[in-house]
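There are 2 protein chains.
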Amino acid sequence: MLSIYSDDYFMQQALKEARQALLKGEIPVGAVVVCDNKIIARGHNQTEQLQDVTAHAEMIALTAAANNLGSKYLPECTLYVTLEPCVMCAGALFWTQIGRVVYGAADDKRGFMRFGKTLLHPKASIEYGVLETECAQIISGFFKSKRG
Amino acid sequence: MLSIYSDDYFMQQALKEARQALLKGEIPVGAVVVCDNKIIARGHNQTEQLQDVTAHAEMIALTAAANNLGSKYLPECTLYVTLEPCVMCAGALFWTQIGRVVYGAADDKRGFMRFGKTLLHPKASIEYGVLETECAQIISGFFKSKRG
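If you read the sequences in order, they're chains A and B. Mapped onto the working numbering, the consecutive letters of the first sequence carry residue numbers 1 to 148. Mapped onto the working numbering, the consecutive letters of the second sequence carry residue numbers 1 to 148.
Excised from the complex, chain A in its bound form (with noise of 0.2 Å):
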């Protein structure tokens, strides 16, 4: 069961954003940012609707908590994601001054963990692993649905 308030509930609404983007058939990514045990952004991945590749999940969900609070720094907030970052949103986290990350699936390929956590705010904890079966299952059906 999922009691409220949890890394899971925020999860599960990290991969509620992810079905969204995999309705719209983009890569299915999911974030949301969380300030005080509330959701203040949504964000899932928009690349191929709006051609852009900045348009990742976590550049949505911080540009959107970012207008939520008036404020470009986001030191009392948690990123919830449902894949690990790339070096462009672990970037953009940097910048925000966040305080904490929570990301479910590793991506060995393209996140931002292979130079380490230098790349996120020195003040950044990090948690990965939360759902990590479930945020898995959605990418990797994704890609085998791709490949026919």
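Treat the hints with care, as some may be off.
Each pair may be met inside one copy or between any two copies, as identical chains are not told apart.
To be verified - Straight-line C-alpha distance at most 30 Å; calculated DSSO-like pairs for lysine-lysine:
| # | residue 1 | residue 2 |
| --- | --- | --- |
| 1 | 38 | 146 |
| 2 | 109 | 123 |
| 3 | 123 | 144 |
| 4 | 123 | 16 |
| 5 | 144 | 38 |
| 6 | 146 | 123 |
Treat the hints as calculated values from the structure; they're not laboratory data.
On the provided structure of chain A, position chain B as indicated by the hints.
The following block gives chain B in isolation, referenced to the frame of chain A:
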């Protein structure tokens, strides 16, 4: 004298963008994207105005270039930017598969080169130091004026 279609010419155009940022009280960084010797997109730093850390000159120019071409990939394009791109912007440049990146001044503290060229696409060529003095001066002048 500037001959048209030279790196110097396009960097001057990026400097024009940096001056736009300066007028708005932003850290003065400017960028243009060039394809077939034509400027197809421009951008300048708008992080303060938009209260959005992702609103770097490069990100704005890359999104505008993709809109202009109707393609999220920019292998035939060159990005000119007055300051060495940060990790976020290098990550975005990677995803665009941009063919060439030219920057003016180095950014030893926040530039992507701390992590090496592997942050960019393996096919991308990099050049730096074009109009380096002007590009460095506009930034250092800004920070000097901030310190009063």
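Evaluated hints:
no.	hint	in the structure
1	38 <-> 146	neither (35 Å within a copy, 36 Å between copies)
2	109 <-> 123	both (25 Å within a copy, 17 Å between copies)
3	123 <-> 144	between (38 Å within a copy, 28 Å between copies)
4	123 <-> 16	within (28 Å within a copy, 36 Å between copies)
5	144 <-> 38	neither (35 Å within a copy, 40 Å between copies)
6	146 <-> 123	between (39 Å within a copy, 26 Å between copies)
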